[in-house]
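Novice: Below, each chain spelled out in residue letters.
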Amino acid sequence: MSPLTVTTRPSPFKQLLAGLTSRPQRSLALPAAGIAIGLAVACFGLFRAARPPLTAVPPGYVALVNQKGILTSDFIAQTESETGAEFSDATPAERRKVLREMIDEELLVQRGVALDLPETTTEVRDTMAAAVNAQVVAPLLALAPTEAQLHAFYDTHRLKYTTGGTMIVHDLVLHYGGDQDADQSLPQAEEDAAEAVYQLRSGASIDYIKEHFGFVDSGRMDNTEQLDFAAKIHLGAKLYQIAETLGNGEVSDPVADTDGIHVLVMESRQQPSIADFSVARTQVYSDYRQAEFQRATQENLQILRSEAQVLLAPGESE
Amino acid sequence: MSGHRWARWMRLLALAALCSLGGAHAALAASGTVSYSTWIVSRGSGTVTLRYLLPIGAAQRLTGAAIPVLTVGKLGDYVLAHADVWASGHECPASDQGYDLGKVDPIQAGAGLYGFEIVFRCAGSMTGITLQDHALFERAPTHVDFARIEMDGRAARQLFTITRQRLEVPDSGPMPPAGTGAYVTLGLRHILHSTDRLCFLLAALLLVRRRWDLTGLLASLAAGYVLSILAQATGWIVPQTSLIEGFLGFLVALLAVLIAMLQLERPQAAIGWPVLQLVLALAAASMHAPGAALLLFGAALLSAGLLSASAARGRPMVWLPAGIFGLLDGFALPSLIAPLNLQRWTQVSMLIGYDAGALLADTIVLALLAAAAFGLLRGGYLLVIRPAMNDVAAAALGTLGTFWLVTGAAASLPPGHLKISASRMLGTVSGEPAQDANSLLMREYELQGNTLVKRSSTPEE
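Note that the protein sequences, when read in sequence, are chains A and B.
With the first letter of the first sequence counted as 1, position 162 gets the number 162 in this note's numbering; the numbers rise by one all the way through.
With the first letter of the second sequence counted as 1, position 329 gets the number 1329 in this note's numbering; the numbers rise by one all the way through.
Simulated from the structure, these hints should not be mistaken for laboratory data.
Keep in mind the model is a prediction, meaning the values are calculated, not measured.
C-beta atoms are modelled at their ideal positions from N, C-alpha and C, and glycine is treated no differently.
Among the hints, erroneous ones may be present.
[To be verified] Which residues of chain B face chain A? A few of them, derived with a C-beta cut under 10 angstroms, are:
(1) 1046
(2) 1105
(3) 1237
(4) 1290
[Unchecked claim] Some chain A residues well away from chain B (every beta-carbon gap over 12 angstroms; in silico):
(5) 51
(6) 78
(7) 120
(8) 297
In isolation and in its complexed conformation, chain A is listed as follows (with noise of 0.2 angstroms):
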């Protein structure tokens, strides 16, 4: 360089611009931190820990099947309703056979629900339905029902624990329109039968009835003393709402039925009448099991049918 060579500096400002414009020597470092951290985060977004397989049997279980557990209470359980003796007391070879017919119940079970049977057999939809159903009462049924409760629930259905009324009627009918009653018909028969039953309201014996008017038994009553419930099946309900209301002695209007007009002659009857509380304790507490199952087994339907949803094919109902 000649000694007379001029050389200037630059300005402040033409430096700060020079520093502005000019690409930088850059180093590796931040890219490579980059691509190590890129990495780092998208491997934690590809992968996942690979869940350890089951190579012991957690506590509380006895056995697992294809990693079902099988617990250790049922096995208890199943060994003393097995043994008819405690746990304890079961030697080391029924515990073995106890344990292997669970293990392949287990097996069977696994396979069934492999082949869908839930879906295909009517047996195994029964027993799964009754299970679902057993399983929604159980806590219900746990709780031993209070006096109360068992009142409160006689007073409601009192008409269910009456003790059996008892009858002795008899049931004439007089027909007409038939063969042996050609020259009979529906209105004399009728007017016949207002007149036998003014008569015999007024204290004519029946056997004067049947001879003057041509009354006959209907054959339905023997009578006997009857149940209610035996009269009701005899007479036939139409016949049985009315004798039911007849007291002793009392004769009823006539009655046209599908085999002539009848008048029912109530010789003796003995009202149903309800029983004490103290009386009907048992049926009550069995009526009130009952109704809880089906209260429980109604709202769970309830409550499974909110949550599903149902298409019926078209033309049908339920």
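Model the placement of chain B on the given structure of chain A, informed by the hints.
Specialist: Leaving out everything else, chain B in the frame of chain A:
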């Protein structure tokens, strides 16, 4: 100069748009399907029980000529018609299993799988047993059935492929398992029939400048596969398949960006790619998809670091994406055979053959492409067409890679999650109450009887 740059950008964008139209079909072209079969040979009872598991995706390939409407019954009939057992020169018919089940019993196989059980009863002696599986090969030539043959208390792993639809059971001694060669062939086919893998190899080769780079590329691929086998051998980690496919798409797109960046006068413009990844990561995070969000965030950092380092060195660092590719592609077979719940060492032995085949295919593809490039170079054509070729490749590969990345990330979401999340986002933005997926669905469909029918267009539409 600015006009030249502007023209280049416009050319890239136009090519990307064109390629997105044509590339979508290639992108959707799925690689092979799989199924899983267990053949239980019982000589004592004279039966062969077949348990056949078919993923739903594979079953849907049959919809059309093979099965007009996909139902469990029709699928079972299809399997019955395409599986045979022969013994002593006679066909063993399938037997009725009672309980109105017929010859094919549908079984519960787990989420995403159809399962069927068929029992073949062989009259006469159980010698010369031949198992035949023809299902799906006519619709999916790359279909593979991973078979397990159980006999005399022992089991052997076998394969049914389009070229291997019959297996002969020895009359005495154990059934031999499929050899390593069978898995090498599988690995070869896996690469040669996977569009995304081939695109990666093409993109990597376009970044290679010297022969030494090609060697480094192959070495990185091999290292990646070895690392994958070691990871499988430890059994510590499990891959998330859909995200891996998405990340492979990201690698393709990343190389495409590298190709474009190295030709730009302002390489800083490539910063848009990591920014795009960050935006996608935020979107994934807002949809409560932590896996996809982490993946995209990591991809953003990786992209930024790799692009920056490549720009600083003036040369692409293609060995790193190649190593990652090898690592992730090595998880392809474990993803396929996951439903089999194999012992770890059995899986590793299959994996060694499979990955060796994949690496061999990578080598063959790269060698062929390199030979073609060398021929063009010798003829003097490469220098002329290289800029345009790089532009076309960058546009096409970038589009495809981004498509695979987004679909892979979206596939990792639970079914319906995307629709619900999108509707929630829309509801939040518009101020209207968010709607659930069912009400959105019922806008498009109406219930006629018990069938959902798409609504016809209204006159206003």
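Novice: Each hint: holds or not?
Specialist: Evaluation of the provided hints:
Taken as an interface hint, residue 1046 of chain B does not check out: its beta carbon lies about 21 angstroms from the nearest beta carbon of chain A, beyond 10 angstroms. A cut of 10 angstroms between beta carbons decides the hint on residue 1105 of chain B: the least distance to chain A is about 6 angstroms, and the hint holds. Annotation: residue 1237 of chain B was flagged as interfacial toward chain A, and the flag holds, the nearest CB pair being 4 angstroms apart, inside 10 angstroms. Satisfaction of the interface hint for residue 1290 of chain B is found here, the shortest Cβ-Cβ separation to chain A being roughly 7 angstroms, below the 10 angstroms cut-off.
With a closest Cβ-Cβ approach of about 8 angstroms to chain B, residue 51 of chain A is found to fall inside the 12 angstroms limit, against its non-interface label. Look at residue 78 of chain A: its CB is around 27 angstroms from the nearest CB on chain B, clear of 12 angstroms, so calling it non-interface holds up. Against chain B, the non-interface label of residue 120 of chain A is violated: not every CB pair exceeds 12 angstroms, the least being about 6 angstroms. Taking the minimum C-beta to C-beta distance to chain B, about 27 angstroms, the non-interface status of residue 297 of chain A holds against the 12 angstroms cut.
Checked against the numbered hints given earlier, this structure breaks hints 1, 5 and 7; the rest are met.
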